[in-house]
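Chains as they are written, first to last, in this note's numbering: chain A, 1 to 285; chain B, 1 to 301; chain C, 1 to 252.
Simulated from the structure, these hints should not be mistaken for lab results. All C-beta atoms, glycine included, are put in the ideal place defined by N, C-alpha and C. Certain hints may be false.
[Unchecked claim] A few chain C residues facing chain A, derived, Cβ under 7 angstroms:
| no. | residue |
| --- | --- |
| 1 | Ser169 |
| 2 | Val173 |
| 3 | Ser174 |
| 4 | Leu201 |
| 5 | Asp205 |
[Claimed, not checked] What follows is a list of derived Cβ distance ranges for each label pair:
| no. | chain 1 | residue 1 | chain 2 | residue 2 | range |
| --- | --- | --- | --- | --- | --- |
| 6 | B | Trp131 | C | Glu118 | 41 to 49 angstroms |
| 7 | B | Trp131 | A | Met85 | 25 to 33 angstroms |
| 8 | B | Glu164 | C | Ser70 | 52 to 60 angstroms |
| 9 | C | Ser29 | A | Pro267 | 22 to 30 angstroms |
| 10 | C | Asn191 | B | Thr108 | 26 to 34 angstroms |
| 11 | B | Leu35 | A | Lys21 | 13 to 21 angstroms |
| 12 | B | Trp131 | C | Ser70 | 22 to 30 angstroms |
| 13 | B | Phe146 | C | Arg97 | 53 to 61 angstroms |
| 14 | A | Thr25 | C | Ser169 | 26 to 34 angstroms |
| 15 | A | Pro267 | C | Phe76 | 48 to 56 angstroms |
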Amino acid sequence: MDNSQALLKVENLRVSYRAGKTYNTVVKGVSFDLGRERLGIVGESGSGKSTIGRALLKLLPTARIEADRMDFGGTDLISASEKQMLTIRGRRISMILQDPKFSLNPVHRVGDQIAEAYRVHNRASAQVARQKTLEMLEAVKIRDPERVYGLYPHEVSGGMGQRIMIAMMLIPEPQIIIADEPTSALDVTVRMQVLNILNELVTNKGIGLIMISHDLNLVRNFCDRVMVMRHGEVVEERAARDMRNCTHPYTQGLLAAQPHIGGARRPLPVLNRQVISQETKEVRA
Amino acid sequence: MAAQSLDMQDVAMNGTRSNPNSAFRRLLAVIRELLGNPSSGFGLVVITILLLTAIVAPLIAPYDPNVINLSNTLKPPSAEHWFGTDELGRDIMSRIIHGTRISLTIITIVSVIVGPIGLLVGTTAGYFGGWYDTIMMRITDIFLSFPSLILSLAFVAALGAGLENAIIAIGLTAWPPIARLARAETLTFRNADYISASRMQGASALRIIVKSIMPMCLPSVLVRITLSMATVILTAAGLGFLGLGAQPPLPEWGAMIATGRRYMLDNWWLVAFPGGAILLVSLAFNLLGDGLRDALDPKQR
Amino acid sequence: MTAIDVRNLSIDLGYGLAKKRILGDVCFSVEAGESFGLVGESGSGKSTILRCIARLLNVWEGDIQLEGRSVNVMQFAEYCRTVQMVFQDPYGSLHPRQSIRTALQEPLRIHRMDRQVERMERALVDVGLDPAFLSRYPHELSGGQRQRVAIARALILEPRILLLDEPTSALDVSVQAEVLNLLADLRAKRNLTYLFVSHDLAVIDHMCERLAVMQHGRVVEVMSRDVLATGDAKDPYARELIQASLEYDHAV
Chain A
1 MDNSQALLKV ENLRVSYRAG KTYNTVVKGV SFDLGRERLG IVGESGSGKS TIGRALLKLL
61 PTARIEADRM DFGGTDLISA SEKQMLTIRG RRISMILQDP KFSLNPVHRV GDQIAEAYRV
121 HNRASAQVAR QKTLEMLEAV KIRDPERVYG LYPHEVSGGM GQRIMIAMML IPEPQIIIAD
181 EPTSALDVTV RMQVLNILNE LVTNKGIGLI MISHDLNLVR NFCDRVMVMR HGEVVEERAA
241 RDMRNCTHPY TQGLLAAQPH IGGARRPLPV LNRQVISQET KEVRA
Chain B
1 MAAQSLDMQD VAMNGTRSNP NSAFRRLLAV IRELLGNPSS GFGLVVITIL LLTAIVAPLI
61 APYDPNVINL SNTLKPPSAE HWFGTDELGR DIMSRIIHGT RISLTIITIV SVIVGPIGLL
121 VGTTAGYFGG WYDTIMMRIT DIFLSFPSLI LSLAFVAALG AGLENAIIAI GLTAWPPIAR
181 LARAETLTFR NADYISASRM QGASALRIIV KSIMPMCLPS VLVRITLSMA TVILTAAGLG
241 FLGLGAQPPL PEWGAMIATG RRYMLDNWWL VAFPGGAILL VSLAFNLLGD GLRDALDPKQ
301 R
Chain C
1 MTAIDVRNLS IDLGYGLAKK RILGDVCFSV EAGESFGLVG ESGSGKSTIL RCIARLLNVW
61 EGDIQLEGRS VNVMQFAEYC RTVQMVFQDP YGSLHPRQSI RTALQEPLRI HRMDRQVERM
121 ERALVDVGLD PAFLSRYPHE LSGGQRQRVA IARALILEPR ILLLDEPTSA LDVSVQAEVL
181 NLLADLRAKR NLTYLFVSHD LAVIDHMCER LAVMQHGRVV EVMSRDVLAT GDAKDPYARE
241 LIQASLEYDH AV
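This is chain A alone, in the form it adopts within the complex:
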């Protein structure tokens, strides 16, 4: 973990959606700092983890986003106007989404999409953009960049599509990347490849990474720090390698509920949800 000044400081982030006359709070007071490191946010469905990612980039038009502080390198994201956010999104904070089938535009060639990402944030001619794109495709270990440049999204496999997505998101050289379930739609043999590529790029360029996933196992092997979320709140935060010493029963439950190869055939321990709710209330109180 880098000791340099934090890139992102979030304090007491709250996100709520309107439901009739009341508000439904999906993220209830989350705080964290992000330096040039890999932070993992883990949670099950409904925990609010994906909402945090989108709230940071203010990509939730129908939600109410509040925080005591949401500071990105001196810029206050909460009060930033849409115009300011446009200069931040993609350029300084990027987001990698889950399924390249749905996040790449199906009617444009992939090379053109990456080049466009470059030209939106840099004044460059088409040739320069193309050159940069080819370099980026090589950086994500695509072996035949010229050929892949001309392909359409439906012509590439899942793993390649995700690498293209990474190329597209890294070409503007952002300072922070938010990866929302980047490998969930990929086959197991491809997952590690893609993560390794991402890891290499992120470490070499000193980019801060927020990885959002439902897979605690994956995150603790890949990230430096892990934040576990449940029902909109952070229940546990610790260094990834220290995960086996987690204290909160929910985290322990999550770790225990995952079957392992070579594990015992006994019934998997299940979460005792009443007890966990109690504990969470006590911790809060």
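For chain A, the structure is supplied; the task is to place chains B and C on it using the hints.
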């Protein structure tokens, strides 16, 4: 040991428990939603008024629509005759009020014929596929390729003029779009897991189509029918205008415009009021259809 | 007795140069009471095999036998009470407009079984749900609850064989644990045979005794679950797959 999982999804999802007899509740909810939106609310209100008017027509019509009074012809709108009188001295307003019955009859009969036929053809074609689908769709295409008025004309010419034949003719032209729509919807649902599960449990094709596929097609088909009602009224008016629909002295709005045409230039009220009635009702059905589409679809998806 | 016997199952689509082999000479067998896994990556054909056995796909060649009888000749009543399937997507396997009661009662009606209410209530209790769930609709249930209902529906006709197509892939880890425990429990109690398809080797290792690894429509190796822990597979692709899964797994 009854594990009531308190997943977040449980809370985030609609927490209200549905009554087993939720069809009625759903209907009320849909009506409430329609009334909430100004345009569809307008449509709903107008159609309700139309319905009530048709039911109590003899009670609210100030005069008998068929009484001829040759000393009172072509009188402009006045206190005694709000919409004026026509060339035979009949009160136009009463004729329009009684005309709602005819229009409503046409709409109801056509919808009752067209809905089930279109639904049946479409769902079976979509479900079975193969040559049956091809044949059904080519038949549908043939019907679709004629403008509805021309096709209705051809049928009426073959069957003879009259209200009943006009209804049949209009019905014959109104089912193809429904069939197409039902087929398209069926194609989307045909490969769903719940259909596969039904097949595995031994459900016959008929059972699957009627119990599983038709309910899913129903919202779109209902919306389409309300939209086509506007066309039905206009087609009936067109046929009536051409003298091929309702025969005199029936107070059908299109026929009223047809006979009023000759006197139109000096006596605007002969065509303005029936025309306005047609316009109003067509518009109401269109708006209702639009609102229905919003009210029915997203919730049920 | 052999519960499932698949021999030379093949599917070829297209003609001439464009001919594509979806499944190529798939052979494996599952004994009664056994839990057999089918593993592979997307496009390997594992779900296709299930659909052939489920008679949802009929363009295959070869032979599929259930309890010694070919699936092609089995009458529908006999077939439905021999084998049933649990699907992957809990949000897609229940009809959105039908109540749970309707979903569970349909198969009973089709096969004219007696004591229908009693059977439905017991089916729900057996999967750990309150019988009051009968009056609910799918959109009111969570993913885990829906999958339990799907399992109840599959078991209500009392089949001896269950085809499971990635039944927990769409569920959260904690909910997956509950459902896997339930499946293991049901199998022990009723001596069911499972054909379990998954891309997750850890789940297969937990649930199955033997498994077949598939790639591009072919079975590359059939092995017992011990091989997963040792990684000692004979086929190079199988080895690669296990290696990647172990790496991903990083057991503590």
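Under the constraints set out in the numbered hints, which ones does this structure not fulfil? 1, 7, 10, 13 and 15
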